[in-house]
Amino acid sequence: MDVEQLARIQFAVTIAFHFFFPSISIGLAALIVILETLRVRDVRGRGETYDRAAAFWTRIFALTFAVGVATGIVMEFQFGTNWAEYSTFVGDIFGAPLAAEGILAFFLESTFLGVLLFGRGRLGSRVRWFAALMVSVGTLLSAVWIIIANSWMQTPAGFEVIDGRARLTDFFAAALNDSTIPRYLHTVAAALTAGAFVALGVSAWHVLKRKHLSVARAVLPAALLMAFVGAGGMFATGDASAKQVAVTQPAKFAGIMGIYSTASGVPMTIWALPPTQDPAKLPQGPEIQVARLLSFMTFGDWNAPIQGLEEFPTQDWPPVAISFLTYHNMVLLGTLMLLVMAFGAYYLWQRTIFRRPFWLRAAVLATPLPIIAIQLGWATAEVGRQPWIVYGVMRTADGVSRVVPADQVALSLGLLVGIYVLLGGVWLYLMRRELGHGPAPAPDGTDETALDELPRREPALRPGATAA
Amino acid sequence: MADNAFLQAAWFVLVGMLLAGYAVLDGFDLGVGMQHLVTARTDEERRILLNSIGPVWDGNEVWLITAGGALFAAFPKVYATTFSGFYLAMMLILAALILRAVSIEFRSKAEGRRWRAAWDVAFSVGSVVPAVLFGVAIGNVMRGIPLDANGDYAGTFAGLLSPFALAVGLLSASISLAQGSAWLMLKTEGAVAARARRAAVAGIAAALVLWVVVTVWSRVEAPGLWGAFGGILPWAAPVVVAAGIGTAGLAVRAGRAGLAFLGTSSAIAGLVATLGLGLWPILVPAREVGEPLTVAATASSDLSLTVMIVVALVGMPLVVFYTAWVYRAFRGKVRLDEHSY
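Top line first, the protein sequences correspond to chains A and B.
Under our numbering, read the first sequence as residues 1 to 468, first letter to last.
Under our numbering, read the second sequence as residues 1001 to 1341, first letter to last.
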């Protein structure tokens, strides 16, 4: 393998592994703010329960955040180590958001996480709430800067190329380029959903196991509402993101959708065998399509034309099969999530949710769905951008470090994979342990409340009716 | 294009300040880590060491991330050349920093003896490796590195391991050990504090000897750096180093931990300032072949530097403010409780 392939594999492995953790922790940080707020305001006199819930989820957050931090440093170094030509070319624009991410986001989240973790019993209750808020704000801000940097690679703007280096000419045009806002909203909606699904799945599991009931029952509705809003938001923002790609990155859009020929009234493919790089070898098989829907969804016109790959030289095509597969599976998983959430929201409204073992089991099984969907979505975004490292401006092959030999990259790749396998294994082991331990037990014995005694919908429906 | 020399100089100073901030702050928690196995012997003692840096180490490491980001943003070519040129060393640093970060978090989450022993070793090795290798990298920058026509590193991996660069690596590790020991004297009591005090003496003595050796040796290995020290004023930086090391030595003898920490911190800041004065207006000198990477030739556009200086002027005072607040909130000796590591 040559150095470019190795460097790309290393980047893919390190970014994919890293992004498991922030995608969970952004959502969990927001959930902790909700729990801390419920605690401080002592909602329904259950401040004590929310206190134990917040402490438990803060521990889970810290474990996840630590792996995210540790693997995140690799990302920032790796532009310089493996993509030196790229770094020199884009540093004027791409470096600033990374520096700003450190100054305006990482300091905030790291410093206040220390306060949140070690401030218990030492600092005041309001200080803890404020620390949780700052951690969450920090995670949301860090996403702003990294999405600005990555979106500039997708839809570069606000620059000119002088002496082989991109130079910033308009900061706001570069920062708020065509894809920044739709991609930020989509990423954050997805990350909130991912954290919420983790909290939801764990709470549902505790309810099914009849353990830690007081906290599980307090967290589940909050997580469910967050997941419902997040999953809905994912579709709305995903739609905006797809429209933006169709307009600003048409070759990527054609690859994702598997469209070879330009046509009007293009159908939307729900399911099909993956397309191939060579249109002559396109596999024939069953497919599910909705007539003209893609044209309508993209341009609001059932007959709108959509450009096919034939409009672009083949060396500018993205890897078609991977783009298509990752995108369509992401949408499939998103639909599944929305389905689980819709039933959950209905049962919650009906107040029967804790007595729906089938749904609770589904919620447990659905725990990793958003995390997998996020991985697929990022793969769509980044693989679809190929063969460009900066879309339409610089090819990926031209960005790789010239002086790093292939055997050194192979060595570092082996080293990092080894460490990540260890890290992933230990993280799973410790998560399983922590989740099994669960939160501190309820002092008033409400953990032992039998599920049969949980409130039913009926009394609430008939005010004035006396309980039997 | 008329580039603004003042802006470029400001970013040279700012990157230096971020590096100094990293060296001072992560310097002490790396210094705690490297003596973890020696200064702390029982499980409780090791927990005390980990908890002495518990609330702050993560924030300290952000100084590195920010300094790296600032170097990337302000002097992209320098970032690209050094990070790709020092490839294997950088990968070793990364591996060490990853293992170190997770070992702090993972160690106390389970009780097994071997579990804890393994993470103790990972924490310790993960602290020694970056402290030495960052110094080796600086030693190479001081000597200069061979650069090709493209401004990329033209040497080999073995070429980075010159005796001089290794000596700078040891200097960086020993001043970090002194810094970490002073921190532990502040945060711990009894046997741990007594051992930390002995480590402080060793660290300060080694740092003093190595600093003199590196300084004298640099007349031969890095003569270019001496050009700046023709006048009186630049000598303020090495004087701060000497005064810092001296103060630290006396303060450790007198058992005044706070003063010792102040001494080692100023010594570290003085070392970074000495380096900056010697290098200016170059960031990476060329050795044997190639043209040096200068501030003027590698700086980003004025617009980019201006945007970033606004971010830094708004953001950094806030960072310093709440960081100081956190250090104040967690002042005093470490007390283990149910929320500790």
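The set of hints was computed from the structure by calculation and includes no laboratory data.
Wrong hints could be hidden among the right ones.
Restricting the straight-line Cα-Cα distance to at most 27 Å, the calculated cross-link-like pairs of lysine-lysine (DSSO-like) are [as the list claims (entries may be wrong)]:
id	chain 1	residue 1	chain 2	residue 2
1	B	Lys1109	A	Lys211
2	B	Lys1109	B	Lys1333
3	A	Lys209	B	Lys1333
Covered by chain A, according to a simulated footprint, are these stretches of chain B (three or more residues, beta-carbon under 8 Å) [claimed, not checked]:
id	segment
4	1061-1069
5	1079-1088
6	1259-1267
7	1314-1321
Computed list of chain B residues with no C-beta within reach of chain A, every gap over 12 Å [claimed, not checked]:
id	residue
8	Ala1110
9	Arg1113
10	Ala1122
11	Gly1190
12	Arg1197
Glycine included, each C-beta is placed from N, C-alpha and C at the ideal position.
Okay, the hints, checked on the actual structure:
Restraint check: the Cα-Cα separation between Lys1109(B) and Lys211(A) comes to about 21 Å, which is no more than 27 Å; the hinted pair holds. Note on Lys1109(B) and Lys1333(B): the hinted pairing holds, with a Cα-Cα distance of about 23 Å set against a maximum of 27 Å. Restraint check for Lys209(A) and Lys1333(B): the C-alpha separation of about 42 Å exceeds 27 Å, so the hint is violated. For a cut-off of 8 Å, the count of residues in the segment 1061-1069 of chain B with a CB near a CB of chain A stands at 7, and the three-residue condition holds.
Coverage of the segment 1079-1088 of chain B by chain A holds. Counting CB-CB distances below 8 Å, 9 residues qualify, and the rule asks for three or more. Counting residues of the segment 1259-1267 of chain B whose beta-carbon sits less than 8 Å from any beta-carbon of chain A gives 0, not enough to reach three: the coverage restraint is violated. Judged by the Cβ-Cβ criterion of 8 Å, the segment 1314-1321 of chain B is covered by chain A as claimed, because 3 of its residues qualify and three suffice. Not every CB of chain A is more than 12 Å from the CB of Ala1110(B) (nearest about 7 Å), against its label as outside the interface.
No beta-carbon of chain A comes within 12 Å of the beta-carbon of Arg1113(B); the shortest separation is about 17 Å. Ala1122(B), annotated as away from the interface, has a beta carbon of chain A within 12 Å; the closest lies near 10 Å. Against the 12 Å criterion, Gly1190(B) stays outside the reach of chain A, whose nearest CB is about 21 Å from its own CB. Non-interface status of Arg1197(B) relative to chain A is upheld: no Cβ of that chain comes within 12 Å, the nearest being about 25 Å off.
When each numbered hint is compared with the structure, violations occur for hints 3, 6, 8 and 10.
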